[in-house]
Amino acid sequence: MIRFLPYLNFLIKLTERDRRIIVALLIVLIVAFVLIAYIGNGIRALMRRYSKGIDSYMHKLCSAELVTNPRQFFAQVFKKETKRLYFSTRWVLRIFMVSFVLFYIYAASVQGDGPMFAFVGERLNDLKIIFEVPKGEFFGISNFPIDWPRIARGPQPQFTLEGISTYLMFIVTVATIFGITTSTMKFIARLNRAKKKGPEVFTKSLDDTSFVK
Amino acid sequence: MLEFFKLFGQGILYTILSPFILAYFAIFLAYTMLNYLVCEVYSVVSFFFGGGCSKKTKLERELEKQEMSVLIEKEKSVTLVNSGTNLGAENSSPYEENNLGGRE
Chain A
1 MIRFLPYLNF LIKLTERDRR IIVALLIVLI VAFVLIAYIG NGIRALMRRY SKGIDSYMHK
61 LCSAELVTNP RQFFAQVFKK ETKRLYFSTR WVLRIFMVSF VLFYIYAASV QGDGPMFAFV
121 GERLNDLKII FEVPKGEFFG ISNFPIDWPR IARGPQPQFT LEGISTYLMF IVTVATIFGI
181 TTSTMKFIAR LNRAKKKGPE VFTKSLDDTS FVK
Chain B
1 MLEFFKLFGQ GILYTILSPF ILAYFAIFLA YTMLNYLVCE VYSVVSFFFG GGCSKKTKLE
61 RELEKQEMSV LIEKEKSVTL VNSGTNLGAE NSSPYEENNL GGRE
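Protein sequences, first through last, are from chains A and B.
Numbered as in this note's numbering, the first sequence ends at 213 without a single skipped number.
Numbered as in this note's numbering, the second sequence ends at 104 without a single skipped number.
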């Protein structure tokens, strides 16, 4: 207890403003971790839902006794899901590639002395929201955020040919990333389910079984 | 309160594990791209040889064949039964229905 006294003394020395900032920081940290937990649990629930996609076709194959052991079960799911992965990503990637080629041709045609995609950064910067954070001194640390940030500049999109092509390419890129991420998540979830369910469905278990007459 | 602490703990756990989860996901993402490239090349090549990339696996095609043969068998047996009934109808007397309580 005596060892902690200097720290206690230090805490007593805090001004009212410092204490408020410490409490605010703690609350922000707790809320951040709880939010991360909610997002993580949400993703887990989503993947659980995606993983059910193997049930319909595997049930038929197992009922027909075409799949008879866990290894075959996993191999079949892997084959089928690899095909599904290709069919679910092909149009997304084709559209992305065609858009990128067109965008590249446009960028090459308007290129000046600078780098080819210099305008992309400028046009994307126009979309940014710039915050201004009031800063002050905290525990001897200068330039520490002491209040909520305020908006210094909102998004200012420019509807020129450069701007529109950049924004369209940006939307296509975001949609592609979203599409591929979703398909990959489905693929991972279904492989995991196959790995888990394969041994389960081909094991003779006495759980929930009764032979009493 | 316990639920809240559980959530808080999960948040910390997810934060610590996030680099490993992202690395695991990145491997599969790379596989997705590779799979697309390989399948695209395969489907383009097989298209020129008169084939194509099928959505169905070998076992699924086999299952389809089995189902078809079962259906054909059923259809055959139904046809046989129907033809047997028709024969019976031809041989029976037109007045039989009345004897059984049918309309006159």
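Since the hints were derived computationally from the structure, they do not count as laboratory data.
It is possible that part of the hints are untrue.
As the list claims (entries may be wrong) - Here are a few chain B residues that face chain A, going by a calculated C-beta distance under 7 Å:
no.	residue
1	Ile-12
2	Ile-16
3	Ser-69
4	Ser-83
What the hints assert, rightly or not - DSS-like cross-link-like pairs, simulated, lysine-lysine; straight-line CA separation at most 30 Å:
no.	chain 1	residue 1	chain 2	residue 2
5	A	Lys-83	B	Lys-76
6	B	Lys-56	A	Lys-79
7	A	Lys-195	B	Lys-65
8	B	Lys-74	A	Lys-195
9	A	Lys-83	B	Lys-6
10	B	Lys-76	A	Lys-60
11	A	Lys-213	A	Lys-52
12	B	Lys-58	A	Lys-52
13	B	Lys-55	A	Lys-79
14	A	Lys-204	A	Lys-60
15	A	Lys-195	A	Lys-213
16	B	Lys-65	A	Lys-52
17	B	Lys-56	A	Lys-52
18	A	Lys-197	B	Lys-74
19	B	Lys-76	B	Lys-65
20	B	Lys-76	A	Lys-186
21	A	Lys-60	B	Lys-6
22	B	Lys-6	A	Lys-197
23	A	Lys-213	A	Lys-186
24	B	Lys-55	B	Lys-74
25	A	Lys-195	B	Lys-6
26	A	Lys-79	A	Lys-204
To be verified - Label pairs and their computed distance ranges (CB to CB):
no.	chain 1	residue 1	chain 2	residue 2	range
27	B	Ser-18	A	Arg-150	39 to 49 Å
28	A	Thr-181	B	Glu-67	29 to 39 Å
29	B	Ala-26	A	Arg-90	17 to 27 Å
30	A	Arg-48	B	Glu-67	26 to 36 Å
31	B	Glu-67	A	Thr-160	12 to 22 Å
32	A	Lys-79	B	Phe-4	24 to 34 Å
By construction, the Cβ of each residue, glycine as well, lies at the ideal position given by its N, Cα and C atoms.
Hint-by-hint comparison with the structure:
1. Ile-12: 6 Å, holds
2. Ile-16: Status violated, d = 11 Å.
3. Ser-69: 12 Å, violated
4. Ser-83: It is violated, given that the least Cβ distance between Ser-83 of chain B and chain A is near 31 Å, above 7 Å.
5. A:Lys-83 / B:Lys-76: 36 Å, violated
6. B:Lys-56 / A:Lys-79: 9 Å, holds
7. A:Lys-195 / B:Lys-65: Given pair Lys-195 of chain A, Lys-65 of chain B holds - Cα atoms ~28 Å apart, limit 30 Å.
8. B:Lys-74 / A:Lys-195: Violated: Lys-74 of chain B and Lys-195 of chain A sit about 37 Å apart, past 30 Å.
9. A:Lys-83 / B:Lys-6: Violated, at roughly 39 Å.
10. B:Lys-76 / A:Lys-60: 24 Å, holds
11. A:Lys-213 / A:Lys-52: 36 Å, violated
12. B:Lys-58 / A:Lys-52: Since the Cα atoms of Lys-58 of chain B and Lys-52 of chain A sit roughly 22 Å apart, the hinted pair holds (cutoff 30 Å).
13. B:Lys-55 / A:Lys-79: 10 Å, holds
14. A:Lys-204 / A:Lys-60: Status holds; Cα separation ~19 Å.
15. A:Lys-195 / A:Lys-213: 36 Å, violated
16. B:Lys-65 / A:Lys-52: Judged against 30 Å, a Cα distance of about 25 Å means the pair holds.
17. B:Lys-56 / A:Lys-52: 18 Å, holds
18. A:Lys-197 / B:Lys-74: Distance ~34 Å between Lys-197 of chain A and Lys-74 of chain B Cα, so the pair is violated.
19. B:Lys-76 / B:Lys-65: 16 Å, holds
20. B:Lys-76 / A:Lys-186: With a Cα-Cα distance of about 42 Å, the restraint between Lys-76 of chain B and Lys-186 of chain A is violated, given a limit of 30 Å.
21. A:Lys-60 / B:Lys-6: 40 Å, violated
22. B:Lys-6 / A:Lys-197: Holds, because 28 Å separates the two Cα atoms, which is no more than 30 Å.
23. A:Lys-213 / A:Lys-186: 45 Å, violated
24. B:Lys-55 / B:Lys-74: Holds. Lys-55 of chain B to Lys-74 of chain B sits at ~28 Å (cutoff 30 Å).
25. A:Lys-195 / B:Lys-6: 28 Å, holds
26. A:Lys-79 / A:Lys-204: 26 Å, holds
27. B:Ser-18 / A:Arg-150: 39 to 49 Å: 30 Å, violated
28. A:Thr-181 / B:Glu-67: 29 to 39 Å: Distance hint for Thr-181 of chain A, Glu-67 of chain B holds at roughly 36 Å.
29. B:Ala-26 / A:Arg-90: 17 to 27 Å: Hint holds: Cβ distance 21 Å, inside 17 to 27 Å.
30. A:Arg-48 / B:Glu-67: 26 to 36 Å: 30 Å Cβ-Cβ, so the 26 to 36 Å window holds.
31. B:Glu-67 / A:Thr-160: 12 to 22 Å: At 59 Å between Cβs, range violated.
32. A:Lys-79 / B:Phe-4: 24 to 34 Å: Violated - the Cβ-Cβ distance for Lys-79 of chain A and Phe-4 of chain B, about 45 Å, lies outside 24 to 34 Å.
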